[in-house]
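Visitor: Given the coordinates of chain A, assemble chain B onto it according to the supplied hints.
Take a look at the letters that make up each chain.
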Amino acid sequence: MRKKIKKIYLDYSASTPIDKKVLSAMLPYFNNKFGNASSVHGFGQEALKAVDESRQKIAQFFNCSFQEIIFTSGATEANNLAIFGLIKALKRKNSKSKLHVITSSIEHQAVLEPFNALKEQGVEVTILPVKSNGVVDIEEFKRAVKDNTVFVSLMYVNNEVGSVQPICEIGKLIQKINEIRFKKWQKIEKEIRGDKPLMIYFHTDATQAINFFNCDVKHLHVDLLSFSGHKIYGPKGVGALFVKTGVLLDAIQLGGHHENNKRSGTLNVPGIVGLAKAIELFDKKIIEKSNKKIAKLRQLLVEKIIKIIPNTILNTDINQSAPNFAHFSFLRVEGEAILILLDLAGIAVSTGSACASNNLKASSVLLAMGIKEEIAHSSIRFTLGKQTTEAEIKQVIAILPPIIEKLQNMAPQ
Amino acid sequence: MYSKKVINHFKNPHNQGIIKNPDAVGQVGNPVCGDVMRVYLRIKDDIIKNIKFETLGCAAAIAVSSVLTDLVKNKTLTEALKVNNNEIIKELGGLPAQKVHCSALGVEAFKDAINNYQKNKNAQKN
Numbered sequence: 001m002r003k004k005i006k007k008i009y010l011d012y013s014a015s016t017p018i019d020k021k022v023l024s025a026m027l028p029y030f031n032n033k034f035g036n037a038s039s040v041h042g043f044g045q046e047a048l049k050a051v052d053e054s055r056q057k058i059a060q061f062f063n064c065s066f067q068e069i070i071f072t073s074g075a076t077e078a079n080n081l082a083i084f085g086l087i088k089a090l091k092r093k094n095s096k097s098k099l100h101v102i103t104s105s106i107e108h109q110a111v112l113e114p115f116n117a118l119k120e121q122g123v124e125v126t127i128l129p130v131k132s133n134g135v136v137d138i139e140e141f142k143r144a145v146k147d148n149t150v151f152v153s154l155m156y157v158n159n160e161v162g163s164v165q166p167i168c169e170i171g172k173l174i175q176k177i178n179e180i181r182f183k184k185w186q187k188i189e190k191e192i193r194g195d196k197p198l199m200i201y202f203h204t205d206a207t208q209a210i211n212f213f214n215c216d217v218k219h220l221h222v223d224l225l226s227f228s229g230h231k232i233y234g235p236k237g238v239g240a241l242f243v244k245t246g247v248l249l250d251a252i253q254l255g256g257h258h259e260n261n262k263r264s265g266t267l268n269v270p271g272i273v274g275l276a277k278a279i280e281l282f283d284k285k286i287i288e289k290s291n292k293k294i295a296k297l298r299q300l301l302v303e304k305i306i307k308i309i310p311n312t313i314l315n316t317d318i319n320q321s322a323p324n325f326a327h328f329s330f331l332r333v334e335g336e337a338i339l340i341l342l343d344l345a346g347i348a349v350s351t352g353s354a355c356a357s358n359n360l361k362a363s364s365v366l367l368a369m370g371i372k373e374e375i376a377h378s379s380i381r382f383t384l385g386k387q388t389t390e391a392e393i394k395q396v397i398a399i400l401p402p403i404i405e406k407l408q409n410m411a412p413q
Numbered sequence: 001m002y003s004k005k006v007i008n009h010f011k012n013p014h015n016q017g018i019i020k021n022p023d024a025v026g027q028v029g030n031p032v033c034g035d036v037m038r039v040y041l042r043i044k045d046d047i048i049k050n051i052k053f054e055t056l057g058c059a060a061a062i063a064v065s066s067v068l069t070d071l072v073k074n075k076t077l078t079e080a081l082k083v084n085n086n087e088i089i090k091e092l093g094g095l096p097a098q099k100v101h102c103s104a105l106g107v108e109a110f111k112d113a114i115n116n117y118q119k120n121k122n123a124q125k126n
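Protein chains in written order, with our numbering: chain A, 1 to 413; chain B, 1 to 126.
Okay, chain B solo, but in the shape it has when bound:
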C-alpha cells in the first residue's frame, strides 16, 4: 500500500519535535477528522533556518510532515511557499489514492505558519 519512502519517513521522520520560542507556529486539522499538524519555524533574513513538526495522524500524514520540512528547510520564504502537494507526493514515491488528501495537510500547516509570521511582522512594524 505505502511506498518504501513513505514507510521510511514514517518510521524515522525528519525534523520531528518542537522549536522553543519559535518565530512562527502554524496548525491545521483537528482530532475529530483524525489529523492535526503543527509546524514551528525559525526564520532569519527571510530564510527558513529551522523547521520542526508535530503530527497526530496516519502514517501518510506523518510522512508528509517529514517531507515537507525537508523541502522547505533553508529556502527563502518565497521559494518555500512554492512547495506544493504534488511535489510532496512525488518526493514520497506516490501516495495511495485515498491518502492523497493528506499531502495537503503539510502545505496548509506551513502556509498557516508563514501567514502568522507575516501578520506578526506587520503588527510589529505598526
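Bound-form chain A, shown alone:
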C-alpha cells in the first residue's frame, strides 16, 4: 500500500489550527451553556458572564478598558465597522465639510474596498504608496495629511509579504497633528471659533500582528484596532474592534442594540470565549520562545532556497517583517503551478499570481511594491506557525527545487 504523505501546512497567515485549550474552553457554550447573552434568565446570565470575562481578558491584552471592545464576526467586519461607522458619524456631525481619509496601497481588501466605497460617497481618499520593501514611507504620510484629514487606516503587518508598518510612529505623529489643530483652535476668539476642530482618528488592522508584536493600544497610539480569532489559533467567524472611548462610531448593522448599540446581532458566545482564550494563551515568555523558533526556521528556509534555486527573489524584507513570512518569486515559473505541485506533494502554501485569484489579477500588494507583473505571477508565500518544525522546513527545501526546475524546463526560453 502507498504510504500516505504527511501534510505540511505553511499557510498560517491564511488560517491557524485552533489550540486544544481554546477548543475545550469553547465546547460547553455550544450545548450546556447555550443561553443567549441578552436573555435575563439564568441561561442568559451564564452566557453573559462568559462574554464579560472574555471581554475583560481581551481588554487586558490590548491595555484598554472593558467597554472599548466590540465583538464582530471577524476582522473584515471590524474593518468595515471602523471605516464606515466612523465616517458615518463624522458626516453626521460635520455635514458641511469635505472629509479626507488616508490608507495605503498594500491594505487588505477588507480596508481597500470600503475606502473605494467612501470615494464613491464623495469622501476624498488618498492611497499612500509603499517603499519597495512594502513599508509605508512616513514622509509620504506627512505630505498626504491635509487640514480636512479625519481618518487614517494602516495595517500593522501586511498579509502577503509580512512587512511591518510604523504604526507607533504614525500614531504619535497623528497625536501631534491633533494637538496642533486643537491649540490653533484655542487661540481663535471664543465668539468666532465655532465647534472644536476635526481630529484625525487612527485605525490599524492588526490581524497579522497579534501573534508577534506589541498590541498595546496606548503604545501604538491608535483609536481603533481590528483583529480576528482564526489567525491566532482561535475560532473562525469571530473577531473584535477596539474603539477608544470618545471616538464617534455609528452602527452599520442595525438590530437589537447589542454591543452598546454599535453592532447588533446575537453574540457568538462560543466564538467570543474562544477568542479570549486564544488571547489569554499569549504568555509573553512562551511567545518569545516560539517566535524565536519561527524566526530561526524562516532563516533556514530563506537561506537554503536562495542558495539552491537560482534567480530566486525574496520579496519579504527580513529586517522589517513578521518572523513567519517568507515570500519568494521564482523566475520563469507561474506561482499557481508551483502551488499545485507543492500541494500534490503535501505542502500547503499560497501565491500572489493572477492565476490563483478570483479576479485574475496579480496581487495588488506586490504591484504596489513595484514588483513587475511577471514576477508577481511567479510568487509563493510561505507563512510559518507555532507548529512548524525543522523537519518540515527541511522537507520543503528538498521538495521545492526540483519542482521549480521541472516547471522552468517546461517554459519557453
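Be aware that a few hints might be false.
What the hints assert, rightly or not - Below are the DSS-like pairs computed for lysine-lysine, each with C-alpha atoms no more than 25 Å apart in a straight line:
(1) 4/A / 5/B
(2) 183/A / 91/A
(3) 73/B / 119/B
(4) 4/A / 4/B
(5) 5/B / 406/A
(6) 394/A / 11/B
(7) 73/B / 406/A
(8) 406/A / 20/B
Since the hints were derived computationally from the structure, they do not count as laboratory data. Just so we're clear, the structure is a prediction, and the values are computed from it rather than from any experiment.
Guide: Just chain B now, kept in the frame of chain A:
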C-alpha cells in the same frame, strides 16, 4: 478544484519539449498576463506528424497544452484546425470557471503555428 485528468496532464504532460528544426512554430500570450505557450510542429503531407509544446503558466494552461497536442497529433491540418476550446475542456473532464479562458491558449497557439506554416509555404511557392 481541478479534475483528476487536469492533474494527470499537469503532472505528466504529453508531448512536452521542443522539435529541432520544426516546420512551424506558434506562440501566444506573454509573461505579463502570466501565460505563454509555444508549439512546435513537424508536418508531412499536410499531416501533423509531431507536435511539442513549451508553456509558462498555471496547472490548467499546462494541462490544456498537453491535451491539445494529443488532439491534433496525426490529424490532417483541416481536421486539426477543427479542434476547439470545448473539446479541450471536455477532454480534461472540465475546468474551473475562472480557468476556462486558459483553454483558448492551446487552440490559439496551434492556429498561430499553422498560420506561420502556411505563410512560409506560400512564400516558398512565390
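Visitor: Can you confirm whether the C-alpha distance between residue 73/B and residue 406/A stays at or below 25 Å?
Guide: holds (24 Å)
Visitor: Is it true that the CA of residue 394/A sits at most 25 Å from the CA of residue 11/B?
Guide: holds (23 Å)
Visitor: Hinted pair, alpha-carbon criterion (25 Å max): residue 4/A, residue 4/B. Please report holds or violated.
Guide: holds (18 Å)
Visitor: Between residue 183/A and residue 91/A, does the CA-CA distance stay at or below 25 Å?
Guide: holds (23 Å)
Visitor: Regarding the pair residue 73/B and residue 119/B, is the alpha-carbon distance no greater than 25 Å?
Guide: holds (21 Å)
Visitor: Hinted pair, alpha-carbon criterion (25 Å max): residue 406/A, residue 20/B. Please report holds or violated.
Guide: holds (20 Å)
Visitor: Is the Cα-Cα distance between residue 4/A and residue 5/B 25 Å or less?
Guide: Holds: residue 4/A and residue 5/B sit about 21 Å apart, inside 25 Å.
Visitor: Is the straight-line distance between the alpha-carbon of residue 5/B and that of residue 406/A 25 Å or less?
Guide: holds (19 Å)
In the structure shown, no violation is registered for any of the earlier numbered hints.
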